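*Asks:* Hints in hand, dock the two standalone chains.
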Amino acid sequence: MTAGKENVDSGIPLLTVENLQVEFDTYGGTVQAVRGVSFSVDQRQTLAIVGESGCGKSVTVQSIMGLIPTPPGRITAGSARLRGHETLGRSTVGGKQIRGAEIGMIFQDPMTSLNPTMTIGDQIAEPLQVHRGYSASDAFTEAIRLIELCKIPEAAKRARQYPFEFSGGMLQRAMIAMVLSCKPSVLIADEPTTALDVTIQAQILDLMQELQKETGMAIILITHDLGVVARMADEVAVMYAGKVVEYGSADDVFYHSAHPYTVGLKEAMPMNDPARQHVLKPIDGSPPDLFAPPAGCGYCPRCPYAMQICSERQPQGHNLHGHHFASCWLHHAKSGRKPETIFFKDAR
Amino acid sequence: MWLYILKRALQGIITVWFIATATFFAMHNVPGDPLTNDRAMTETTRANLESKYGLDQPITTQYLIFLRNLSRGDFGISFVQENREVNDIIREHFPVSAILGVLAVVFAAIGGVLFGALTALYRNRLPDYLIMFLVILGISVPSFVVAALGQLSLVSLNTLMGFTVLPVAGWGTVMHMLVPALVLGLSTMAYLTRLMRSSMLEVTSSDYVRTAKSKGVPPTRIFTRHQLRNAILPVVTVLGPAIAAITTGGFVVELVFAIPGLGRYFVEAVQQLDYTVIMGTTVFYGAFLVFMVILVDVVYGFIDPRVRLDL
Ligand SMILES: Nc1ncnc2c1ncn2[C@@H]1O[C@H](COP(=O)(O)OP(=O)(O)O)[C@@H](O)[C@H]1O
Ligand code: SF4
Ligand SMILES: [Mg+2]
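Protein sequences, first through last, are from chains Y and S.
Position 139 of the first sequence, counting from 1, maps to 155 under the numbering used here, and the rest follow consecutively.
Position 144 of the second sequence, counting from 1, maps to 1174 under the numbering used here, and the rest follow consecutively.
Source of the hints: derived by calculation from the structure; they are not laboratory data.
Wrong hints could be hidden among the right ones.
As the list claims (entries may be wrong) - Under 7 Å between C-beta atoms, here's a sample of chain Y residues computed to sit facing chain S:
hint, residue
1, M81
2, V109
3, Q113
4, R115
5, G116
6, S129
7, N131
8, T133
9, P143
10, V146
11, F180
12, I299
All figures in this text were calculated on a predicted structure; none of them were measured in a lab.
Even for Gly, the Cβ is constructed at its ideal location relative to N, Cα and C.
With the rest of the complex left out, here is chain S (with noise of 0.2 Å):
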């Protein structure tokens, strides 16, 4: 076990530099660089200031001074926030996104596991359908869509009760919280809900549920211990990509109830080529993702142990 942890932080290190190169190389070749704004600027003050950030250096130079930095963890300077450490933004935005995240991912996966199994044990009967319609909506509806109308049906809540229940925007409590990070959520709550749901059907239908049945063992019982520890196990495989899907989907619901959160600088900086910044953020959200999946499949090999031996 202790041998894969290893092998897996390896390859994961091997992915973020990865993540890195491309990234460098990408932003480099778009037209353009973070000095290229609206304002007027003399060839010297230009020169001056290439000269500051390294910009004058050639590319490869560039490269090897940008991963030297990088794996002492620095990631320099803002370029367009003045003296701004890009490690401080992400140290000041990356936890409330973070929060944000984990906690739509806890409500998708609780969310898609509970509507899952009642889908199944409710085969073809209302409460079935029922779901399934809304799973349906779940997983085509787009996401600033279902922010929008989350936000909308908060605003007419509160009108109606004549106070505020729920905050229909910011950041701060519990209360912040809950509409965005279901909402962000959702999508991947319909998915895992249905992959539940056929999961925990092919499991009904299985040999060893069979088995479980001619033991005598009462159907709760069958339920808990036989059926939901393996139907469980497509949905954790999938829950790595699920929170990559719901970390970038982070971005818009961020911006939709001003949550002050890394997405926006994110997108800013994108906006701006603020090199610094879109690198800083790029690498940290890539090796954070890492980290979450190699997360992910250990958890796994703690659940299945067909895997664990293989470790």
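Same shape as in the complex, but just chain Y (with noise of 0.2 Å):
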């Protein structure tokens, strides 16, 4: 198998999500945690979730899993299709189970992700013998095979061993063989290396890369970083507030950001590059209260180009340019402004 980018089958994109919305009952009144999600991802390709944290990027792709707890959570809109197949509300598409057999999923902290009185090689073993029949020492034997192409080394003898005596990294490469064991056509990663070092955050991330191109699964990686989204990213999806308000190419999204708040994340986001020092700048403020959503953008009391229609209606979305798209009332032809103007550094 070759990378590419050619569009496989009959053009349908690998997984669609669209118009996703997920509510939660709590205490304190109902949450919307999600609110008209949409995107897409193709084989071989990665697709880059950002946001800060409490803006339902997990909430997103653990729908597409059924991983929701229910009650409290609640789909209340939308679909999500593999190949052309709904999949929210189901277990199976085509005959194969979704969770551990199309979809894989990896989480952010391996340290309490595995069972702790399993060994390796059993939790890696378990998806071959539920979703393939292997018997149990065939199981095994693959398990082994799997933790060697993950590059952990003396395979045979780890497998044996229980996630204590694992560091962080080999236990999120024992997660990404446990994943591929059932060779999924998608891999959700969620926040994958946000709980360990920046060295072995790049050789975990050096690892679902070669995979990729091995296997050519889709990955939809979910990540605070812009840094490991430059390095991985196809395509990103900038979330804020349960929606996605900026949606494009890598290169789109970064050189040509078309939403202020993408703008903010850039600007309160270090860089190694010295030619492009400069002054870290955070985003004040917080974002708004998902019990009761605000009327206009959400971003309004934060935004430094706010205009008064922004508080009082929902943005459209503005496609720019191929599938480039906005979220903001800027793009509206009577906002009066020319957003390249304001915030494009480098003007297409």
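*Replies:* So this is what it looks like as structure tokens:
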């Protein structure tokens, strides 16, 4: 197999999420955690979902996997389609289990995400027994091979050890081996490197990219680290307060940012490049209360470019260039402002 | 692992020695002695008896003799029951207490794990409310009340059926053991149920159970492979103290159900200040409990791999 960006099959994307809405009933009221999220991802592609914590990234991907605890959670609208087949509310598509077989997921904290009283090998072998009908011993042998594939030294010995005998980085490799066992078509990685050292982070990301090249799987990578986005992503979805506020190719979102929040994120990020050194500028304020989402743009109180209309009505989505999309009143013809001239350093 | 067991055994021996010493001095500080009773006794008779039992020796000498005999496993002869060796009393009556206790612990552990898991599974639904109501009852009602109620319901049952379904008191067959063991284990079962419930709930919302779900593992397999073993750990840690609680609680149950266990002798010996029997039974119970606690810890090491390596 070779890496490429050609469209597969009939031209429908591998995974499409449309207008996803998720709520949680809590003692304090109903939280509208996800308020109409759409994106799609193709084979061999990496989609990064960025945004500050609490903006609904995890809830979005867990909804696709059917991992939202119900109650308190509730998917109130939207669809998620894998090769055109609905996955929401279902456990299989086309006779294959969604969880584990079609879509695999790795989590933020590898230390707590593995069963402390089960050997690593048994945990990696488990999906093979469940989805492929392997015998326990065949599955274990295959688990050792997968551990090797994920570059954990002394695979046979490591397979018989328990999670507490592993370092964080090695555990995340084991998680990847586990997810890979049934060759899923989509890998969801929810902040896979946030809990790890910087050098280990890079190794894990490299491993994911390498395995993507070999298997052709799509990756949905959740992160709030723009450095990770720049390194990995083909496509980027910027989320804010339960919505996607900007969406497009990594180049578009980075170099032709079309939403004030994206610009804010960039200014708050340290950069290695001395030529582009800048004073770090954190975004002041905090996201809106999702118990009672505002009538207008959720970013309004923090936005340096906010206008009268912003606090009154939801901004519409604007398609800018190709499939580059931003949801901001500045792009409206009547705003009388040219976003490019306000915050685009590299005008198109 | 072996090193660990050896270490724990040494600690155990020191603990037993400590129990023996404390009991010895506590007892000799109680006013009166085994020869004080209603019968009038001349000075000479008393002196003769005292010298026969060594009671005229200084207390340190008595202590050393006691320790020497103890190290040989000889607890001496009862003061009250003429010519009866303490070892014979223990040999004859301890097995009864042990069977009752072990059966009670088994009831408590199995019931606690089962009901605890059940309440967690049906959290905030009818089975949960029902069992938790019973648990609160089981924890708050004292064992002599439960024992009496248990016996009373046996009587009613037998009268209702017109024949003896289960014997009301006594000892001998499995039928005699069931209800007393259940009564004896009840409060521990209630306590373990509550512990298992909260432990199970914690495990259910853990990251690794979410991982198992995301792998597509079916719920029954998640329950058996991922939840049960982890949830059971806190229950196993309290099993040592639970055994202690059940063993001491056994005295009451033995009295109510007229079971010829060691408990009755222990209580009678204390009332009559029968030095050797008190010493013998106390030290023996102490050693038994220490052994059970060590056993539980070793079993824990087999269930939890994290402990296994530290040992
Ligand atoms: N089980 C839950 N119960 C109630 N609220 C929840 C639950 N899970 C998530 N939420 C809410 O959903 C919102 C989004 O959470 P999440 O998707 O985890 O954010 P993040 O972008 O950091 O991954 C948060 O405001 C959180 O309070
Ligand atoms: S809609 Fe208005 S407030 Fe919201 S980001 Fe755009 S300019 Fe700022
Ligand atoms: Mg998250």
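*Asks:* Could you run down the list of hints and mark each one as holding or not?
*Replies:* Hints and how they fare:
Among the interface hints, the one on Y:M81 holds; its C-beta lies about 6 Å from the nearest C-beta in chain S, closer than the 7 Å criterion. The restraint placing Y:V109 at the interface with chain S is violated, with a minimum CB-CB distance near 12 Å, outside the 7 Å limit. Because the closest C-beta pair between Y:Q113 and chain S is about 5 Å apart, less than 7 Å, the hint holds. Interface restraint check for Y:R115: the shortest CB-CB distance to chain S comes to about 4 Å, inside 7 Å, so the restraint holds.
Satisfaction of the interface hint for Y:G116 is found here, the shortest Cβ-Cβ separation to chain S being roughly 3 Å, below the 7 Å cut-off. Because the closest C-beta pair between Y:S129 and chain S is about 5 Å apart, less than 7 Å, the hint holds. Proximity of Y:N131 to chain S holds as hinted, the smallest CB-CB distance being about 4 Å (cut-off 7 Å). Here the hint on Y:T133 is kept, as its CB sits about 5 Å from the closest CB of chain S, short of 7 Å.
This hint holds: Y:P143 has a C-beta 5 Å from the nearest C-beta of chain S, less than the 7 Å allowed. The interface hint given for Y:V146 holds, since its Cβ lies 6 Å from the closest Cβ of chain S, which is under the 7 Å cut-off. Hint status for Y:F180: holds, given a least beta-carbon distance of 5 Å to chain S, under 7 Å. The beta carbon of Y:I299 comes no nearer than 29 Å to any beta carbon in chain S, farther than 7 Å, and the hint placing it at the interface is violated.
Taken one by one, the earlier hints fail for this structure at numbers 2 and 12, listed in ascending order.
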